[in-house]
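There are 2 protein chains.
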Amino acid sequence: MTYCLGMLLKDGLVMIADTRTNAGVDNISSYKKLHILEQSDDRTIIACTAGNLSVTQSAFALLKEGLEEDEDSSGPRFPADMPNMHRVAGLVGEALQISREEIKETAGEDSQYSFSGSMLLGGRFKGRPLRLYHIYKEGNFISCQPDRPFMQIGETKYGKPILDRALEFETPLDDAVKTGLVSFDSTMRSNLSVGRPLDIAILPTDERTPALFRRIEQTDEYFNMLSAQWAIAIAEARAALPLPPFMKEVE
Amino acid sequence: MTYCLGMLLKDGLVMIADTRTNAGVDNISSYKKLHILEQSDDRTIIACTAGNLSVTQSAFALLKEGLEEDEDSSGPRFPADMPNMHRVAGLVGEALQISREEIKETAGEDSQYSFSGSMLLGGRFKGRPLRLYHIYKEGNFISCQPDRPFMQIGETKYGKPILDRALEFETPLDDAVKTGLVSFDSTMRSNLSVGRPLDIAILPTDERTPALFRRIEQTDEYFNMLSAQWAIAIAEARAALPLPPFMKEVE
Chain A
1 MTYCLGMLLK DGLVMIADTR TNAGVDNISS YKKLHILEQS DDRTIIACTA
51 GNLSVTQSAF ALLKEGLEED EDSSGPRFPA DMPNMHRVAG LVGEALQISR
101 EEIKETAGED SQYSFSGSML LGGRFKGRPL RLYHIYKEGN FISCQPDRPF
151 MQIGETKYGK PILDRALEFE TPLDDAVKTG LVSFDSTMRS NLSVGRPLDI
201 AILPTDERTP ALFRRIEQTD EYFNMLSAQW AIAIAEARAA LPLPPFMKEV
251 E
Chain B
1 MTYCLGMLLK DGLVMIADTR TNAGVDNISS YKKLHILEQS DDRTIIACTA
51 GNLSVTQSAF ALLKEGLEED EDSSGPRFPA DMPNMHRVAG LVGEALQISR
101 EEIKETAGED SQYSFSGSML LGGRFKGRPL RLYHIYKEGN FISCQPDRPF
151 MQIGETKYGK PILDRALEFE TPLDDAVKTG LVSFDSTMRS NLSVGRPLDI
201 AILPTDERTP ALFRRIEQTD EYFNMLSAQW AIAIAEARAA LPLPPFMKEV
251 E
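Those protein sequence lines, which keep their order, are chains A and B. Counting from 1, one number per residue, gives the positions in the first sequence under our numbering. Counting from 1, one number per residue, gives the positions in the second sequence under our numbering.
To be clear, the hints were calculated from the coordinates, so they are not data collected in a lab. One thing to keep in mind: the hints can contain errors.
It does not matter which identical chain is meant; a pair holds if it fits inside one copy or across any two.
[Unchecked claim] Here are the simulated lysine to aspartate or glutamate pairs, EDC-like style, with alpha carbons at most 16 angstroms apart:
id: 1; residue 1: K248; residue 2: D206
id: 2; residue 1: K126; residue 2: E65
id: 3; residue 1: K64; residue 2: D110
id: 4; residue 1: K248; residue 2: D174
id: 5; residue 1: K137; residue 2: E101
id: 6; residue 1: K126; residue 2: D42
id: 7; residue 1: K104; residue 2: D164
id: 8; residue 1: K104; residue 2: E65
id: 9; residue 1: K126; residue 2: D164
id: 10; residue 1: K248; residue 2: E71
id: 11; residue 1: K126; residue 2: D174
id: 12; residue 1: K10; residue 2: E155
id: 13; residue 1: K104; residue 2: E170
id: 14; residue 1: K137; residue 2: E94
id: 15; residue 1: K137; residue 2: E102
id: 16; residue 1: K10; residue 2: E168
Here chain A stands alone, though its shape is the one from the complex:
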C-alpha cells in the first residue's frame, strides 16, 4: 500500500509520500514514491505515485524516453517541452494509461492483478501559480481547488478525518505540514503497509523562497515527538468527553 498527500495552500504546495511497498505481507520493501521530475530555474515538477509499481515506473521511463509525437508536433513529446502544468499533467496521464495498457496486455486477460497506478502531480512554471493534480489510472486528471485544498492517493481513509477537520486554503504552511504528518501518523498506526521514511517536498508560493525537500526517517525526533504527543492529547481529549447519560440504567 501507499499513502500520498498533496496540499495546495495560499502560502505554498506541500507533497508528502511514504516509501513502503508490498507484494503480500511477506514481501515488504522501500521504494521512493516522491519523485522530482524536473527542478530548474524555469520549473519544478514533482510526482507522487500509488498503485502497481511496475506501471508507475514504466510511466516514468516512458516520460524520459518521450511519448510518440502527435499531429501537431514534430518529434517525441517530453514533460520539458510542455508549455504549462496542465499540459504536463495531460502527458503524465497519457504515459500512465499507456503503461497500464501495455502491462495488462503482456500479462494477459486472465491475470488476477489490477495493473493500475495513480499519481499526484504538483509544481510550477516560473512566474505562474502553483498547481496540484490528481491523475487517475485512466489518464484523466483533476486540479486541486481552494474549497478543498488537499488530495490523497493510496490508503486515504485513516488520515482523512484530521484533514477534513483542520485544513483550509488559508492554513499556514508549517501548520499544514504538521497536520499532514499527523494524518500520516494515524494512517501508519492503522495500516502496517504504510511506513517511514516519509518524503516531503515544500514549494512556497513566494518564488524567492527556495523549495525544501526533507526525509523523515524512523529516528526523526520531531515526528516521534509529534506522534507521542498526539497520542496523549487524543487520549486526554477522549477521557474528558462526558459519558452517555442513558448508560446509568445499565451501571
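We have chain A already, so just place chain B on it with the hints.
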C-alpha cells in the same frame, strides 16, 4: 454504505449500527440494520448487517422460514433450535451464503452488482458467556477475542483509529459506548452515506442487568454535544502540537 461496530468487553457487549442505505447518491433512505433476532429469558441474539440489502433481508427471511434439514435433523433448522451461539453463527452464515447464491443466479452472471452481505452477530445463551462474531459473505465467521475487543463491518476505516487507540477489553461499558459514538461521529463526518439515526444495543455481562436498546436520532442532545465537544478538543490538541523545526528554512 453502512457502518456497524461490535465491542465485546469484560463488562458486556455493545453493538452500534447506522441506518442509512443508498443505491447511488440520488437514492438514499433509512433501513434498520440492527436486528433483534431473538430476545427471551433463554437467549438474546442480535445481528447488524452491511452490504446488499436484498441479500441480508433474504437471509433473515430464510432464517424465519427455517433452513433445509441436514442429515442429523428431522426438519427445518431455526436459530432458536441451535444449542449455542457458535451454531447460531453457522446457521446465519449458511443463510447469508444461500441468499447470495440465489440472488446472484437470478440476476445472471453479467450483472454489474456484487451481491454480497456481511453481518456482526452478538448475544448470549442464558448462563453462558457473551459472544460476538463477524460473519463473512461466504458464510464463514470469526469470533471476537479480548486481544482485539471490537469488530467492524461496512465503512470501517474512518472510525478505526480512535478504536485502535482507546479500546481495550477492560474498558468500562459506558466509556466504550462513548468511544464507539466518537468512532461513528468521525465516520459520518467523512462519509455522507453513513448517517443517523444510530441504533445501540448493550448487553451487560452481569445477566441480572437487563439489556439496553437505544436509538440516537438527529436531535439527540448527548450525541450533538459529544460531536461538538470532540471537534473542539481535536482542534485544540492539534493546535497545541509543536510546529516542524525544519520549516524555519522556508518561513
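When no copy is named, should K126 and D174 be tagged within, between, both, or neither for a Cα gap of at most 16 angstroms?
-> Result: close neither inside a copy nor across copies, 23 angstroms intra and 58 angstroms inter.
Checking K137 and E94: alpha-carbon separation at most 16 angstroms within a copy, between copies, both or neither?
-> Answer is within: at 9 angstroms inside a copy they meet the 16 angstroms cutoff, but 38 angstroms across does not.
Give the relationship of K137 and E102 under a CA distance limit of 16 angstroms: within one copy only, between copies only, both, or neither.
-> Within one copy only: 13 angstroms inside, 35 angstroms across.
Check K126 against D42 for me: Cα-Cα at most 16 angstroms, and say if that holds within a copy, between copies, both or neither.
-> within (5 angstroms within a copy, 76 angstroms between copies)
Is the C-alpha distance from K248 to E71 at most 16 angstroms within one copy, between copies, in both cases, or in neither?
-> Close neither inside one copy (75 angstroms) nor across copies (48 angstroms); limit 16 angstroms.
Given a CA cutoff of 16 angstroms, do K10 and E168 count as a within-copy pair, a between-copy pair, both, or neither?
-> within (9 angstroms within a copy, 42 angstroms between copies)
Have a look at K137 and E101 and pick one of within, between, both or neither, based on CA distance no larger than 16 angstroms.
-> The answer is within: 10 angstroms in one copy meets 16 angstroms, while 32 angstroms across copies does not.
Identical-chain pair category, K10 with E155, by Cα at 16 angstroms | neither (26 angstroms within a copy, 33 angstroms between copies)
Using 16 angstroms as the alpha-carbon threshold, which applies to K104 and E65: within, between, both, or neither?
-> Neither: 20 angstroms inside a copy, 47 angstroms across copies.
Are the CA atoms of K104 and D164 at most 16 angstroms apart within a copy, between copies, both, or neither?
-> This pair counts as neither: shortest intra-copy Cα distance 36 angstroms, inter-copy 38 angstroms.
Using 16 angstroms as the alpha carbon limit, work out where K64 and D110 are close: within a copy, between copies, both or neither.
-> neither (31 angstroms within a copy, 41 angstroms between copies)
Please work out whether the CA atoms of K104 and E170 approach to 16 angstroms or closer within one copy, between two copies, in both situations, or in neither?
-> neither (43 angstroms within a copy, 50 angstroms between copies)
The structure fails to meet hints 2, 3, 7, 8, 9, 10, 11, 12, 13 from the earlier list, while all remaining hints are met.
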